[in-house]
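Student: Chain by chain, the residues run as shown.
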Amino acid sequence: MTENLLIQFAIIILFLPLLGFVVTLFLGSKVKKIFLFENFVLILAFILSVIMVFAKLNYYPQENIVSEFHWISLNNVPLFGTLNIDLGILVDNISVLMIFVVTLISMLVHIFSIAYMHGDKRYNRYFAYLGIFTFSMTGIVFTHDILMMYIFWELVGLSSYLLIGFWFEKKSASDAGKKAFIVNRIGDIGMFSGILILFSTYHTFTFDKIFTQISLGVLPFNSEFWLTVTGILIFCGAIGKSAQFPLHVWLPDAMEGPTPVSALIHAATMVAAGVYLVVRVFPILTGGALEFIAIIGALSAFIPATIALTQNDIKKVLAYSTVSQLGYMVMALGVGAYKFAFFHLVTHAFFKAALFLGSGSVIHAMHHEQDIRNMGGLRKKLPLTYATFLISTIAISGVPLTSGFLSKDGILAGTFAFGSLTGQWFFAFVGFFVALLTAFYMFRLVILTFHGEPRNKEKFDHAKESPFVMVMPLVVLAALSIFIWYTPNPFNPEQGAFLSKWIKAPTIVVPQNARYSFMKNDVIKPAEQVQTAKPKTEAEITFSESYTEAMHHAHIPAMLLSLTLAGLGILLAFSFYQWKKLDPDKLANSIKPLYKLSYNKWYFDEIYQATFVAFTLGLSNVLYWIDTYIIDGIVNGSATVTKQFSKFSGTFDNIVVDGLVNLMATISGFIGLMFRRLQTGKVQTYIVVVVFSLVIILFLFKSF
Amino acid sequence: MTQIGLNHFLFVSVVLFCLGIFGIITRKNAVMVLMGIELILNSANINFIAFAKYGNFGYQGQMMALFVIILAAAEAAIALAIVLNIYKTFSTVNVDEIDTLKD
Amino acid sequence: MTIYDIIFYLFAAITVVSAFFVVTTRNIVYSAYYLLFTFFGVAGIYVLLGADFIAVVQLVVYVGGILILLLFGVMLTNRITNVQIKTGTIKIVPAAVGVALFAGILSAALLKTNWKTINTEVPISTAHTLGLLLMQQYAVVFELLGILLLIALIGAASMARK
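Chains as they are written, first to last, in our numbering: chain A, 521 to 1224; chain B, 644 to 746; chain C, 94 to 255.
It is worth saying that the hints were derived from the structure and are not from the lab. It should be emphasised that the depicted structure is a prediction, and the values quoted were computed from it without experimental measurement. Take these hints with a grain of salt, some might be off.
[To be verified] The calculated lysine-lysine pairs, modelled on DSBU-like cross-linking and capped at a C-alpha distance of 30 Å, are: (1) K690/A to K641/A; (2) K836/A to K1100/A; (3) K1222/A to K205/C; (4) K641/A to K550/A; (5) K690/A to K977/A; (6) K1202/A to K731/B; (7) K641/A to K901/A; (8) K1222/A to K209/C; (9) K1202/A to K671/B; (10) K977/A to K836/A; (11) K836/A to K1116/A; (12) K979/A to K901/A.
[As the list claims (entries may be wrong)] Cβ-to-Cβ under 10 Å is the rule here; a few derived chain B residues that face chain A: (13) I664; (14) I667; (15) I668; (16) T669; (17) R670; (18) K671; (19) V676; (20) V738; (21) D739; (22) E740.
Using N, Cα and C, we set each Cβ at its ideal position, and we do this for glycine too.
Build the full structure now, drawing on both the sequences and the hints.
Tutor: As structure tokens, this is what we get:
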């Protein structure tokens, strides 16, 4: 398998879903079974991506395979010099792993949807939308430049909008679609500004070229501060897309879309695109930007976790859990635990997709009942769903022997190490506290849904296990939540090929004094760095010995602490909801303000409504007023002036010009009247006149 | 009384001419107008032939007179046809009543 | 007072008097007959001027052709049964004044003009010479006149038929 073949595979994987989208969309209304084509395309893409992953990791474990072309060639632009805009495909370990995740989950969601969406009136169009989403997500993953990433970024936003508002007859669904779209735009403005800064500084969009130039010391506006700003601006895109604080409000509302969509887009892939973006631009992030990212991540991990404690909608709980877990990843990136952030991205994609699809199965069985207070005891009716849901819950709670334990433990260790190196223990504290909360609310969800006695007898009686096409994806995803795929040792993820061989932390390219202190002694000489901008060998790994060392030291205490907290959380959940030893209502009453705060989602929507939305509306009103009274006034005033002038001109025309014309006409008419008498029409009269004229002429010219 | 010369013939011609014009002017009937025209043509012919005799023109005067007679014949035929048409159109041949040109 | 002079005055009188009656007689048929005399007088004058062929043509064409045509015109355009063949006159006074003035001027002009005259010899018969001229010098005109007459004939016929 040559590199060229890999690129061709990537292109095929990229365009297969687009083909599926086009075919399904245009034949959707004619051919009832066209959705099978879309499924077939996705299965094909998945098989290709499996081949690709194996080929890439086995034969080219270290190379970054790039294929690019000039999209726009602007030769010799004034002020810029020679300017070419390249688009291209980058196949490296991260992108092939990511594409594996995307195609796998997308394929499973496609298959799941066959049963879940059965009977929907826009059945084929739904699959077409899934197709264009997969296409855009693949584009994000494979891009080698930030412009193409931005293009697909917006495409992803579009398909997300289409799918959230898929049941647009419901007002809440169409509102949620709009909310998601608009909130995402806010983040994208920041990302776009960041891209513009990068492009105006480096005249290229390609990641590698930007990294090389930064490592050579070229900075935006020649200042490290602006490099930090650029990093934060680009991260703004991730804030929007990954639903980070303070733009996380759209994600819970996005649960109005079909549940498989929530699994695919709003849990596993699209929201992970923000994390993927940060992973891609990681080398240019300065210490300040990383600190900002870590704070945002910590807030995003903590706030939604507290909200999830009290929510009653099964999908809302999972949505807040997703925001919280994404916050984990972002925080991990912020504190430098790059490998574990990506690791958590992958593991989280699997078990969160399993949770969402499991909730989809439950909702399907309960005939679109989403409130967990009406569930309970479902484990007898839905044994397979229960089993997979439970495995995924264990994974997300960070219990050993699961993938979630490995990745989450790594992140916690990273924050711990960060704390020990810099003295900032805040992130570690948040991380561990959120781990406790996560375990608690996830098990609360499981217990309320599957354990105990059925609270809605009628619906419970009708519930039955979902068909094969829905259960099969659950089983696959639950299986992928087991540790064995990632590492042979369930307590040390570093032993697995995934972390030790496949993912390497990239070389930081920002200037030395703009980094975290513990990353400084890393790259030895700038001169060497020029030649080896890409991370290739073990010796050039960015992270300093001290960080690796600290990670190593942090590993055991962090693991023990997180285990304890997870166990505590699970224990609390059971004692509250299973054994009824403690009464949640009594507790809620005793801390009423906190409970209300959590139940009302920290009043974010209300705050935004009162501030940004109200401000925008007020501004619109002011602008409307200006339009109505000032602009229109000017226009009307000029119209009036023109009208008056026209009136005057009309009067002048009527009296003076027309008067002159009429005068001439009257004079001509008068003369005509006089001469008219000569024209009798009688030939003989004319002859008389001629004779007299002749006489007169002869007299006049008489020569005799 | 001098000897008969050019002036005598020309005088006859003048009288004929003036009578022709008088006839054209005064008579109502279109046929009478035609007769006046014939008189004028005859006066012209007299002039031609008189000058042919008393001038140094050879036979050209006589040739012209001949042509004038031929033209008069053609003119008479055409004019009569026109008069007939006028009669059909207006039911009269009185020229003073035919004044639609005025309108 | 030679015989030539007497004949001239005779013919001149016939011509002028009959012409006067042509234009003054109320009856249109009478006018036509007076016109006959006028043509005769003119023919006599032609003879006096040595144009015998023209005189003959005058008689043949005018008297034999045109006059008959005019009479036909009179007949066709007046209702014979009503005997409405009398015709009025108009503008007698201005016409008489104008024409008299005109005649006076023309007469004055021709009397005051100093005509340079030569008295050419009168040949016995002009027919031979005129025939030669028509066939030689005026051949084209002659042919054109023939065509003109044809056109006039056809045109008159088609107009009258409508």
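Student: All hints, please: hold or fail.
Tutor: To see whether the hints hold, each was checked on the structure:
The suggested pairing of K690/A with K641/A holds, with an alpha-carbon distance near 14 Å, which does not exceed 30 Å. At roughly 24 Å between alpha-carbon atoms, K836/A and K1100/A fall within 30 Å of each other, so this suggested pair holds. The hinted pair formed by K1222/A and K205/C meets the criterion: a straight-line CA distance of about 11 Å does not exceed 30 Å. Proximity of K641/A to K550/A is assessed by CA-CA distance (about 13 Å); at most 30 Å being required, the pair is judged to hold.
Of the supplied pair hints, the one linking K690/A and K977/A holds, its CA atoms being roughly 28 Å apart against a limit of 30 Å. The suggested pairing of K1202/A with K731/B holds, with an alpha-carbon distance near 19 Å, which does not exceed 30 Å. Taking the CA atoms of K641/A and K901/A, the gap is about 29 Å. The hint holds against a cut of 30 Å. Of the supplied pair hints, the one linking K1222/A and K209/C holds, its CA atoms being roughly 20 Å apart against a limit of 30 Å.
Restraint check for K1202/A and K671/B: satisfied, since their Cα atoms lie roughly 11 Å apart, inside the 30 Å limit. Proposed proximity of K977/A and K836/A is supported: the alpha carbons are some 23 Å apart, at most 30 Å. Using a Cα cut-off of 30 Å, the hinted pair K836/A and K1116/A holds, with the two alpha carbons roughly 16 Å apart. A threshold of 30 Å between alpha carbons decides the hint, and for K979/A with K901/A the separation of about 11 Å falls inside it, so the pair holds.
Restraint check, I664/B versus chain A: the minimum CB separation of about 6 Å is within 10 Å; hint holds. Hint status for I667/B: holds, given a least beta-carbon distance of 6 Å to chain A, under 10 Å. A distance limit of 10 Å between C-beta atoms decides the matter here; for I668/B the minimum to chain A is near 5 Å, and the interface restraint holds. Interface hint status for T669/B: upheld, as the beta-carbon distance to the closest one in chain A is roughly 8 Å, under 10 Å.
Annotation: interface hint on R670/B holds; nearest CB of chain A at approximately 8 Å, less than 10 Å. For K671/B, the shortest C-beta to C-beta distance to chain A is roughly 9 Å, which falls under 10 Å, so the interface hint holds. With a cut of 10 Å, the hint placing V676/B at the interface with chain A holds, because the nearest CB-to-CB distance is about 8 Å. Checking V738/B against chain A by beta carbon gives a least distance of about 6 Å; that is within 10 Å, so the hint holds.
Taking 10 Å as the C-beta contact cut-off toward chain A, the hint placing D739/B at the interface holds, the least distance being around 5 Å. Because the smallest distance between the Cβ of E740/B and any Cβ of chain A comes to about 9 Å, under 10 Å, the interface hint for this residue holds.
The structure is consistent with each of the numbered hints, conforming to all of them.
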